[in-house]
Amino acid sequence: MGVKLHFLSFFREFFIYHHRSLEFRAKIFAAILLVKSKICDNDFDELNEIASEIYANDEKRKEVLILTVKEYIKKVYEYKNFDIDMLLKEIDDELKLHHRFVKKIDFSHLRRLMSDDENEAILQQRVYEFLVNEVKIYS
Numbered sequence: 001m002g003v004k005l006h007f008l009s010f011f012r013e014f015f016i017y018h019h020r021s022l023e024f025r026a027k028i029f030a031a032i033l034l035v036k037s038k039i040c041d042n043d044f045d046e047l048n049e050i051a052s053e054i055y056a057n058d059e060k061r062k063e064v065l066i067l068t069v070k071e072y073i074k075k076v077y078e079y080k081n082f083d084i085d086m087l088l089k090e091i092d093d094e095l096k097l098h099h100r101f102v103k104k105i106d107f108s109h110l111r112r113l114m115s116d117d118e119n120e121a122i123l124q125q126r127v128y129e130f131l132v133n134e135v136k137i138y139s
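If you count by UniProt numbering, then the sequence shown holds residues 1 to 139, one letter each, in order.
Everything labelled a hint here was simulated from the structure, so no lab data went into it.
What you are looking at is a predicted structure, and each value in this text was computed from that prediction instead of being measured.
Don't take each hint at face value.
[As the list claims (entries may be wrong)] Computed list of lysine-lysine pairs in DSBU-like fashion (alpha-carbon distance at most 30 Å, straight line):
1. Lys104 with Lys136
2. Lys62 with Lys136
3. Lys38 with Lys89
4. Lys70 with Lys103
5. Lys27 with Lys80
6. Lys62 with Lys80
7. Lys80 with Lys36
8. Lys89 with Lys62
9. Lys36 with Lys136
10. Lys104 with Lys70
[Stated by the list, open to error] Label-pair distances were calculated between CB atoms; the ranges are:
11. Glu90 with Ala121: 20 to 26 Å
12. Lys136 with Phe44: 25 to 31 Å
13. Asp85 with Glu59: 31 to 37 Å
14. Lys60 with Lys103: 18 to 24 Å
15. Asn119 with Asp58: 35 to 41 Å
16. Asn133 with Glu78: 26 to 32 Å
17. Glu49 with Ser21: 16 to 22 Å
18. Leu97 with Lys38: 29 to 35 Å
Don't be surprised by glycine CBs; every beta carbon is placed ideally from N, CA and C.
Use the sequences and the hints to build the structure in full.
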């Protein structure tokens with residue numbers, strides 16, 4: 001990814017239209033991926049396909065979404081005071097403030113990111129069920 005894309009990502013709140021909804025989507029995807037023991041390139045390939053479906057006519061927005069997901073994953077791995085629970089709390093808080101974000105959760109996209117490994121799938125299922133419950137509460 002080029003310097004311009006990193007610049008857009010870093011200053012997305014100024015340069016990306018509706019950056020909050022993009023960040024919300026990134027948190028959703030990061031949450032479902034973070035409970036895996038190892039996130040592999042195939043996961044990001046699938047995420048790239050999903051992002052292409054969401055932002056079919058906006059390549060920059062698609063790339064910023066993927067970069068933002070990676071930023072959240074990196075943030076959880078690098079900072080002890082930010083973990084998956086904090087990320088899920090942020091998702092809940094954003095849904096409380098912006099009920100319209102419920103429409104940004106596409107469960108068919110999340111299912112495509114589910115692991116084949118039984119133990120990982122159980123953890124991902126818990127995150128998935130949390131999101132289903134959030135949709136029920138805030139719809």
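Hint check results:
| no. | hint | in the structure |
| --- | --- | --- |
| 1 | Lys104 with Lys136 | holds (14 Å) |
| 2 | Lys62 with Lys136 | holds (28 Å) |
| 3 | Lys38 with Lys89 | holds (23 Å) |
| 4 | Lys70 with Lys103 | holds (22 Å) |
| 5 | Lys27 with Lys80 | holds (18 Å) |
| 6 | Lys62 with Lys80 | holds (29 Å) |
| 7 | Lys80 with Lys36 | holds (18 Å) |
| 8 | Lys89 with Lys62 | holds (25 Å) |
| 9 | Lys36 with Lys136 | holds (25 Å) |
| 10 | Lys104 with Lys70 | holds (19 Å) |
| 11 | Glu90 with Ala121: 20 to 26 Å | holds (24 Å) |
| 12 | Lys136 with Phe44: 25 to 31 Å | holds (30 Å) |
| 13 | Asp85 with Glu59: 31 to 37 Å | holds (34 Å) |
| 14 | Lys60 with Lys103: 18 to 24 Å | holds (22 Å) |
| 15 | Asn119 with Asp58: 35 to 41 Å | holds (36 Å) |
| 16 | Asn133 with Glu78: 26 to 32 Å | holds (29 Å) |
| 17 | Glu49 with Ser21: 16 to 22 Å | holds (20 Å) |
| 18 | Leu97 with Lys38: 29 to 35 Å | holds (33 Å) |
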